[in-house]
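Protein chains: 2
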Amino acid sequence: MKLAERLSRLGTETAFAVSAQAAAWAAQGHKVYPFHLGDINLPTPENIIAAAEKAIRDGHTGYCPGIGITPLREILAEDTGKRRGVRYGAENVAIQPGGKPVIGKFISSVMNPGDEVLYPNPGYPIYESQIEFQGGVAVPYDYDETEDGFAINLERLEASITDKTRVLIYNNYQNPISAESSAAEMAALAQLAVQHDLWVLSDEAYYEIRYGGKSRSIVALPGMQERTVILYTFSKKFAMTGWRLGAAIGPEEIIQVISKLNTNIESCSNHFIQWAMVEGLTGDPSGPENILAELKRRRDAAVNGLNAIEGINVALPNSTFYLFPNVTKIMRRKGLTDVDRLKDLALEHTGVSFCTRNHFGRALPGETEAFIRLAYSGISVSDIEEGLSKLKAYFDSDEQ
Amino acid sequence: MKLAERLSRLGTETAFAVSAQAAAWAAQGHKVYPFHLGDINLPTPENIIAAAEKAIRDGHTGYCPGIGITPLREILAEDTGKRRGVRYGAENVAIQPGGKPVIGKFISSVMNPGDEVLYPNPGYPIYESQIEFQGGVAVPYDYDETEDGFAINLERLEASITDKTRVLIYNNYQNPISAESSAAEMAALAQLAVQHDLWVLSDEAYYEIRYGGKSRSIVALPGMQERTVILYTFSKKFAMTGWRLGAAIGPEEIIQVISKLNTNIESCSNHFIQWAMVEGLTGDPSGPENILAELKRRRDAAVNGLNAIEGINVALPNSTFYLFPNVTKIMRRKGLTDVDRLKDLALEHTGVSFCTRNHFGRALPGETEAFIRLAYSGISVSDIEEGLSKLKAYFDSDEQ
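Chains G and P, in that order, give the protein sequences. Residue 321 in the numbering used here is what sits at position 321 of the first sequence, and the numbering runs on without skipping anything. Residue 707 in the numbering used here is what sits at position 307 of the second sequence, and the numbering runs on without skipping anything.
Certain hints may be false.
[Stated by the list, open to error] A short list of chain G residues far from chain P (calculated; beta carbon distances all over 12 Å):
no.	residue
1	A220
2	K334
3	D396
[What the hints assert, rightly or not] Derived coverage of chain G by chain P (criterion: at least 3 residues anywhere in the stretch with Cβ under 8 Å from a Cβ of chain P; other residues may be distant):
no.	segment
4	151-164
5	167-177
The set of hints was computed from the structure by calculation and includes no laboratory data. Because the structure is a prediction, the values reported are computed rather than measured. Using N, Cα and C, we set each Cβ at its ideal position, and we do this for glycine too.
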């Protein structure tokens with residue numbers, strides 16, 4: 001039986017293969033330090049669990065509107081607007097079964113086959129996959145390493161804009177590289193979007209995973225709110241990745257379209273969890289505060305552990321829970337050319353499991369530096385310290 | 401800002417507009433008898449609620465595999481196979497956030513743009529919408545009214561098959577018309593599928609909503625299991641429409657593809673609800689038994705209430721929770737030509753809210769009879785009796 005041709009254009013998240021590799025290694029009796037997956041091994045706050053249980057007992061177990069329940073849409077609109085310095089109402093919010101569904105639905109809503117879409121690379125691999133699966137042309141933009149992290153190469157980005165460019169995908173507080181735009185970089189992107197009349201997907205999954213400074217959204221810049229859909233997720237702030245709830249937040253016209261897609265794709269998101277998140281957004285804030293404090297301790301331990309390795313010099317990011325160290329010197333020391341080989345060797349020698357640049361989009365022409373990605377959201381401070389000290393011993397040696 | 405051209409091909413479930421109309425009427429202080437929506441106003445069984453709460457407390461709140469947790473996939477494979485007389489393993493099951501997502505993902509997996517897809521009309525409107533949205537040609541097949549319900553017009557179905565026909569969508573235990581295939585009808589469909597090498601989506605959402613006799617699946621017929629994907633849902637049997645959990649069950653090759661689509665679309669389905677459904681499938685069966693017993697009482701009340709109306713003669717279906725009475729004589733009595741006008745008048749005169757044939761696919765050329773659809777899953781026996789006696793008074797009169 002023949003399958004559809006479009007499947008040849010469907011990508012995936014190859015990071016899951018790293019999970020499988022780590023699990024197989026652990027099953028052989030080895031201790032594994034899981035830096036590979038952006039999941040959170042902390043409990044969901046108690047008040048959210050209690051509110052979910054109450055909502056079930058209150059009978060919120062039948063269908064709800066495809067666009068989501070009004071109380072959650074109202075509160076999320078207000079909360080999102082306030083944190084970004086703009087105004088949103090319930091009409092700007094379509095609840096989703098996670099943040100990820102926003103990517104495919106947004107692309108379905110604004111991109112025609114053959115349209116070009118600018119997307120970050122390295123970046124979340126589902127952008128590239130969904131653009132191509134739906135018949136678009138995925139046009140990567142990339143980053144330069146700087147003193148304090150990474151900066152978008154705006155010159156190359158601008159040069160890649162053509163008369164077929166319709167969409168910009170922007171992931172400030174970036175997975176996997178933890179990049180954060182300067183005010184000037186964000187302003188330049190907004191200017192390009194307005195100038196070329198682009199739709200913008202602003203993936204703000206990590207907007208509230210913030211250890212210092214203040215998050216800013218491109219929606220607050222002139223001309224942007226009317227062309228931007230925010231990908232919002234409850235997953236990270238509330239340590240509830242497996243509950244699956246998020247939202248698309250944007251202009252009413254496109255929110256209506258996304259809501260119609262909801263009706264076509266999944267009817268509605270889980271009903272009682274929506275009631276639980278009314279509590280999440282309005283109730284006791286100590287749960288997410290404690291999650292953030294623990295993630296900050298892990299960030300500090302991970303940055304310190306990596307920077308103790310000879311040849312690694314990673315900046316201290318103020319957001320996300322990812323680190324993206326340049327390991328070119330380690331590769332050279334060990335005589336390796338394939339960073340995925342370094343990943344395999346590190347797992348075998350130390351039990352430290354991580355992803356590489358290759359899990360976050362196709363490598364671009366002319367790339368010469370090698371990068372790995374470590375997530376510190378699913379591993380305790382003591383295991384971060386133990387694992388990275390083993391990694392240091394192995395990386396510092398010239399043993400393969 | 402321009403939206404994507406494909407949106408012009410996107411349909412929806414217009415039944416939700418009937419809900420809004422009913423809610424607006426109720427808000428004006430009128431009593432409404434909600435026969436319009438296939439939701440269930442009964443609580444989810446207690447053992448499932450308790451299992452969900454335990455799974456949350458046990459920390460099943462992070463990501464799980466996109467294809468679903470293995471214990472649920474194993475148990476669902478065994479349960480589904482046993483009830484259909486075939487063998488399935490975990491490799492044949494991809495968990496979904498509801499039954500509905502199977503429709504779009506199946507079509508993405510097997511249909512190329514321009515391919516023709518046979519689908520039931522009247523039928524669940526998302527088939528037509530997803531086929532056309534994804535660039536296929538939706539080719540309707542229809543039903544003839546019989547003594548004991550409805551039968552597919554196999555002659556017309558066969559005549560509509562061309563060399564571009566790739567897929568058959570089959571919804572035995574049918575929404576909205578509650579049709580059930582005879583053994584001969586199912587065998588004829590299977591033969592056509594094998595002969596023309598068609599993929600088959602067997603939407604079995606109501607397979608276990610069964611008041612008498614025994615459900616049979618087309619997968620059990622020769623040559624069918626390898627070309628058929630079952631749409632499975634937990635929503636109906638366990639009165640948990642708002643929890644959003646279902647599955648695609650079929651050949652391993654396509655289940656792998658659907659799992660890759662899961663990774664691209666929503667990462668995974670809710671993690672702790674999957675653990676709850678391990679309990680649902682293996683624990684105390686009295687919850688679903690009680691739900692079914694109550695639905696049977698409602699069916700009997702609804703059939704009796706409708707058949708008391710002069711000019712209505714509806715058969716007693718053994719499955720689903722829908723009735724699809726022919727109201728042509730009522731229309732004639734009242735001098736009406738538009739069945740949607742009858743719906744509006746019935747709501748205003750009696751508070752009885754229902755859908756019509758027009759909510760279930762575009763009317764076909766040559767249709768002369770008028771039908772309405774009543775769902776009895778969301779309304780008590782006493783309200784069924786009260787509402788339908790008001791409807792009788794109104795339908796029996798020649799008042800508009």
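Consistency of the hints with the structure:
1. No Cβ of chain P comes within 12 Å of the Cβ of G/A220; the nearest lies about 18 Å off, and the non-interface call holds.
2. The claim that G/K334 is not at the interface with chain P holds, since no C-beta of that chain comes within 12 Å of its own (minimum 32 Å).
3. Non-interface status of G/D396 relative to chain P is upheld: no Cβ of that chain comes within 12 Å, the nearest being about 33 Å off.
4. Taking a C-beta to C-beta cut-off of 8 Å, the segment 151-164 of chain G contributes 0 residues in contact with chain P, too few for the three needed, and the coverage statement is violated.
5. Here the segment 167-177 of chain G counts 0 residues with a CB under 8 Å from a CB of chain P, which misses the bar of 3, and the coverage is violated.
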